[in-house]
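Protein chains: 2
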Amino acid sequence: MPGSDTLRRCVILTEGQTHPTPAKTAAGFLRYCPEQAVALLDSQQAGRDSGELLGVGHGVPIVADVATAHRLGANTLLIGITPAGGQLPQPWRALILQAIRLKMDVISGLHTILSEDEEFRQAALDHGVRITDLRLPPKDLSVNRCRSTRSKTFRIHTVGTDCNCGKKVAALEINRSLKNRGVRSEFIATGQTGILISGKGIAMDRVIADFISGAAERLVVENEAFDFLVIEGQGSLVHPLYSGVTLGMLHGFAPQALILCHQYGRTIMRGTADTPMPSLKTMIDLYERISAPVFPARVLGVALNLMTLTDDRQALDEIKRVEDQLQLPATDVIRFGADKLAEAALKFYQRGETHSTC
Amino acid sequence: MPGSDTLRRCVILTEGQTHPTPAKTAAGFLRYCPEQAVALLDSQQAGRDSGELLGVGHGVPIVADVATAHRLGANTLLIGITPAGGQLPQPWRALILQAIRLKMDVISGLHTILSEDEEFRQAALDHGVRITDLRLPPKDLSVNRCRSTRSKTFRIHTVGTDCNCGKKVAALEINRSLKNRGVRSEFIATGQTGILISGKGIAMDRVIADFISGAAERLVVENEAFDFLVIEGQGSLVHPLYSGVTLGMLHGFAPQALILCHQYGRTIMRGTADTPMPSLKTMIDLYERISAPVFPARVLGVALNLMTLTDDRQALDEIKRVEDQLQLPATDVIRFGADKLAEAALKFYQRGETHSTC
Numbered sequence: 001m002p003g004s005d006t007l008r009r010c011v012i013l014t015e016g017q018t019h020p021t022p023a024k025t026a027a028g029f030l031r032y033c034p035e036q037a038v039a040l041l042d043s044q045q046a047g048r049d050s051g052e053l054l055g056v057g058h059g060v061p062i063v064a065d066v067a068t069a070h071r072l073g074a075n076t077l078l079i080g081i082t083p084a085g086g087q088l089p090q091p092w093r094a095l096i097l098q099a100i101r102l103k104m105d106v107i108s109g110l111h112t113i114l115s116e117d118e119e120f121r122q123a124a125l126d127h128g129v130r131i132t133d134l135r136l137p138p139k140d141l142s143v144n145r146c147r148s149t150r151s152k153t154f155r156i157h158t159v160g161t162d163c164n165c166g167k168k169v170a171a172l173e174i175n176r177s178l179k180n181r182g183v184r185s186e187f188i189a190t191g192q193t194g195i196l197i198s199g200k201g202i203a204m205d206r207v208i209a210d211f212i213s214g215a216a217e218r219l220v221v222e223n224e225a226f227d228f229l230v231i232e233g234q235g236s237l238v239h240p241l242y243s244g245v246t247l248g249m250l251h252g253f254a255p256q257a258l259i260l261c262h263q264y265g266r267t268i269m270r271g272t273a274d275t276p277m278p279s280l281k282t283m284i285d286l287y288e289r290i291s292a293p294v295f296p297a298r299v300l301g302v303a304l305n306l307m308t309l310t311d312d313r314q315a316l317d318e319i320k321r322v323e324d325q326l327q328l329p330a331t332d333v334i335r336f337g338a339d340k341l342a343e344a345a346l347k348f349y350q351r352g353e354t355h356s357t358c
Numbered sequence: 001m002p003g004s005d006t007l008r009r010c011v012i013l014t015e016g017q018t019h020p021t022p023a024k025t026a027a028g029f030l031r032y033c034p035e036q037a038v039a040l041l042d043s044q045q046a047g048r049d050s051g052e053l054l055g056v057g058h059g060v061p062i063v064a065d066v067a068t069a070h071r072l073g074a075n076t077l078l079i080g081i082t083p084a085g086g087q088l089p090q091p092w093r094a095l096i097l098q099a100i101r102l103k104m105d106v107i108s109g110l111h112t113i114l115s116e117d118e119e120f121r122q123a124a125l126d127h128g129v130r131i132t133d134l135r136l137p138p139k140d141l142s143v144n145r146c147r148s149t150r151s152k153t154f155r156i157h158t159v160g161t162d163c164n165c166g167k168k169v170a171a172l173e174i175n176r177s178l179k180n181r182g183v184r185s186e187f188i189a190t191g192q193t194g195i196l197i198s199g200k201g202i203a204m205d206r207v208i209a210d211f212i213s214g215a216a217e218r219l220v221v222e223n224e225a226f227d228f229l230v231i232e233g234q235g236s237l238v239h240p241l242y243s244g245v246t247l248g249m250l251h252g253f254a255p256q257a258l259i260l261c262h263q264y265g266r267t268i269m270r271g272t273a274d275t276p277m278p279s280l281k282t283m284i285d286l287y288e289r290i291s292a293p294v295f296p297a298r299v300l301g302v303a304l305n306l307m308t309l310t311d312d313r314q315a316l317d318e319i320k321r322v323e324d325q326l327q328l329p330a331t332d333v334i335r336f337g338a339d340k341l342a343e344a345a346l347k348f349y350q351r352g353e354t355h356s357t358c
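The listed protein sequences derive, respectively, from chains A and B.
The numbering of the first sequence is our numbering, which starts it at 1 and goes up by one.
The numbering of the second sequence is our numbering, which starts it at 1 and goes up by one.
It is worth saying that the hints were derived from the structure and are not from the lab.
Hints are supplied without guarantee of correctness; some may be wrong.
Under the rule of at most 16 Å between Cα atoms (straight-line distance), these lysine to aspartate or glutamate pairs were calculated in the EDC-like manner [said to hold, decoys possible]:
{"hint": "1", "chain 1": "A", "residue 1": "Lys139", "chain 2": "B", "residue 2": "Asp117"}
{"hint": "2", "chain 1": "A", "residue 1": "Lys347", "chain 2": "A", "residue 2": "Asp227"}
{"hint": "3", "chain 1": "A", "residue 1": "Lys103", "chain 2": "A", "residue 2": "Asp140"}
{"hint": "4", "chain 1": "A", "residue 1": "Lys139", "chain 2": "B", "residue 2": "Glu116"}
{"hint": "5", "chain 1": "B", "residue 1": "Lys139", "chain 2": "A", "residue 2": "Asp117"}
{"hint": "6", "chain 1": "B", "residue 1": "Lys152", "chain 2": "B", "residue 2": "Glu35"}
{"hint": "7", "chain 1": "B", "residue 1": "Lys139", "chain 2": "A", "residue 2": "Glu116"}
{"hint": "8", "chain 1": "A", "residue 1": "Lys152", "chain 2": "A", "residue 2": "Asp227"}
{"hint": "9", "chain 1": "B", "residue 1": "Lys340", "chain 2": "B", "residue 2": "Asp324"}
{"hint": "10", "chain 1": "B", "residue 1": "Lys152", "chain 2": "B", "residue 2": "Glu222"}
{"hint": "11", "chain 1": "A", "residue 1": "Lys139", "chain 2": "A", "residue 2": "Asp126"}
{"hint": "12", "chain 1": "A", "residue 1": "Lys179", "chain 2": "A", "residue 2": "Glu323"}
Computed footprint of chain B on chain A; a stretch qualifies when at least three of its residues, placed anywhere within it, have a C-beta under 8 Å from a C-beta of chain B [unchecked claim]:
{"hint": "13", "region": "79-89"}
{"hint": "14", "region": "142-149"}
{"hint": "15", "region": "242-248"}
{"hint": "16", "region": "271-283"}
{"hint": "17", "region": "297-306"}
This one's a predicted model, so the numbers in the text were calculated from it and none came from an experiment.
All residues carry an ideal CB built from backbone N, CA and C; glycine is no exception.
Please model the complete structure; the sequences and the hints are all you need to start from.
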């Protein structure tokens, strides 16, 4: 990872899309690595503040161009947008080349692998900078060998009703809460932003389809020194774009515990025209049913993303409504922390309900 | 595809594994393209007959080496084995190089992409032969755009309780039966052997995980000139190695009709040590439940692979038992043809139960 030797000072490219949903990599980085953020780059929003537009990154200015960011001390250009399909928008080529010429490293989570692009590769060579593709998977992946089901780690997996609803943040916050309690717990990144934040992991949506579960298994095996793993989820079991990744991960990680993540107010699956969002009850039922034949997982709680409810009282009412309906603990981890969910997992673990007869 | 201009005359490499389960590419090729098969290559079984060991390919001799096959007229080496993980066994390198030096084309369905291997690439160049990697996906795939759900094609998808249980053969036979009835139907290949047989398709297990459903959608859109598509399934919804591929395909193809394929006698999922096979009822329930939120699919019948029951009477008894239990038509498509399943699909189509309100 870049920045492990010298401090990354990033300008985050969110051109034209400085909003929490498309700019989720930017928002995640600003939330968990604020000391490494110099500026956001969005020529349409220059002069404003990141916190104002993204809800995180207060004090990080938005600048109009790469040169300004460079003058502010940026040594790295971070692509802060995650477009569906992950392809590089053509107008960004010039911005990336300009950053390279200014001797800035480049970090990208796109499906377009920048380090394999001949023009970028040559420019990086000429200017002595490094291009890091967060989504590039290890080359030696294979099919699942079902070792997760025999692992002694306690595996908590954040799964979603939809893509882009808070699974990464829920996992990071549950992991933080467990560590605060002295539990030997580790966050397991499965997407580009999680890898950027934690410095390791595999972008599961980029691996060869046959190897999804095998890649998940590898992350368990590599982290068996920890007692608890809190594993970032991807997509949703019923999302028509990404469900394959979600299910391959579920069977590869073989978690004992699931935390269902849901963004309040969504009625249509993100990225679709008209695929309706099933109820939370339906989603819990589906996740548990489809886990059972491989390794039974129990949904232990709900992480509600309530960012559209600005009033705390309304947020608490919604949390109570969901708790009453499902008889499970629920919370908004950004607003109220993840202690409730971490405690539910610890209780489940301590009751010893974690080993299946499967 | 090789052989579209000149006739392929293949020696099929099944070295050490001339048995219907590992040699499923060989068996599929011998069943559907027997006129293109010159010999099998298995030094341990040389002198025997393919039909004797594989149940198909009667009259195709087994030879000990590439040179003998060449003398018999082979102009192509076909890798006939599909090992889990799809990696090239090291001892096969020499056999492949020998074939190339004898000016034979090479066709492979492995995950190891032979045309990108420097030694093979150079040898092929030197000797003027073509290496075809059946599993290599198109380069311009993307995420699903949910166009299948709006397509006017009637989509029948063969899905499995397990991998390697007869989904390809069921799809080929249902397609054949529909065409015999004058239906404008097309077989859609989703794996290397189906592509080898039909000359087109995408090996779904090789695409980038994020693009599974998008690749499935593309196959629907490219074949909208047909009224019926009979789509080969892959893996199983609860197979711990391959479930991601299965679900991504299900949501990408968005079929109206499913045919559940099951090999009689399996109690443990193939390729696992101890993952038990769920009941047919459980599998039908899971496939229908997980389809519903994207596009509701109905299981219309069961394709039973009864190859381990040598007695026809026993086979018929087992078919009747399954039909009584599930109240669905069942058959062994290899022994008794697929007319029953094709008729069930036609009836369902004609009753107009095919358009959802989803």
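Practice task
Given that the region 297-306 of chain A was listed as covered by chain B, double-check it with a C-beta distance under 8 Å for 3 or more residues.
Solution key: Answer violated; 0 residues pass the 8 Å Cβ test.
Problem - A/Lys347 paired with A/Asp227 [C-alpha distance capped at 16 Å] - result: holds, 14 Å
Practice task
For the pair we were handed, A/Lys139 and B/Asp117, check the Cα-Cα distance against 16 Å.
Solution key: Distance ~14 Å between A/Lys139 and B/Asp117 Cα, so the pair holds.
Exercise for the section: Could you grab the alpha-carbon distance between B/Lys139 and A/Glu116 and see if it respects the 16 Å cut-off? Expected result: holds, 14 Å
Practice task
Mind checking the alpha carbons of A/Lys152 and A/Asp227 for me, to see if they're no more than 16 Å apart?
Solution key: holds, 8 Å
Problem - Pair hint B/Lys139 and A/Asp117, alpha-carbon separation not exceeding 16 Å - result: Given pair B/Lys139, A/Asp117 holds - Cα atoms ~14 Å apart, limit 16 Å.
Handout entry: Assertion that chain B covers the region 142-149 of chain A - criterion: three or more residues, beta-carbon distance below 8 Å
Key = n = 5 at 8 Å, threshold three: holds.
Practice task
Decide if the proposed pair is consistent with the structure: A/Lys139 and A/Asp126, CA atoms, cutoff 16 Å inclusive.
Solution key: Since the Cα atoms of A/Lys139 and A/Asp126 sit roughly 26 Å apart, the hinted pair is violated (cutoff 16 Å).
Handout entry: Pair hint A/Lys139 and B/Glu116, alpha-carbon separation not exceeding 16 Å
Key = Answer holds: A/Lys139 to B/Glu116 is near 14 Å, not above 16 Å.
Problem - Restraint check for A/Lys179 with A/Glu323, where alpha carbons must lie at most 16 Å apart - result: Violated, at roughly 25 Å.
Problem - Hint consistency between B/Lys152 and B/Glu222 [alpha-carbon to alpha-carbon, up to 16 Å] - result: Holds, because 13 Å separates the two Cα atoms, which is no more than 16 Å.
Practice task
Quickly compare the C-alpha distance for B/Lys340 and B/Asp324 to 16 Å and report which way the hint goes.
Solution key: Satisfied, since the Cα-Cα distance of roughly 15 Å is no more than 16 Å.
Comparing the model with each earlier hint shows violations of hints 3, 6, 11, 12, 17; every other hint is respected.
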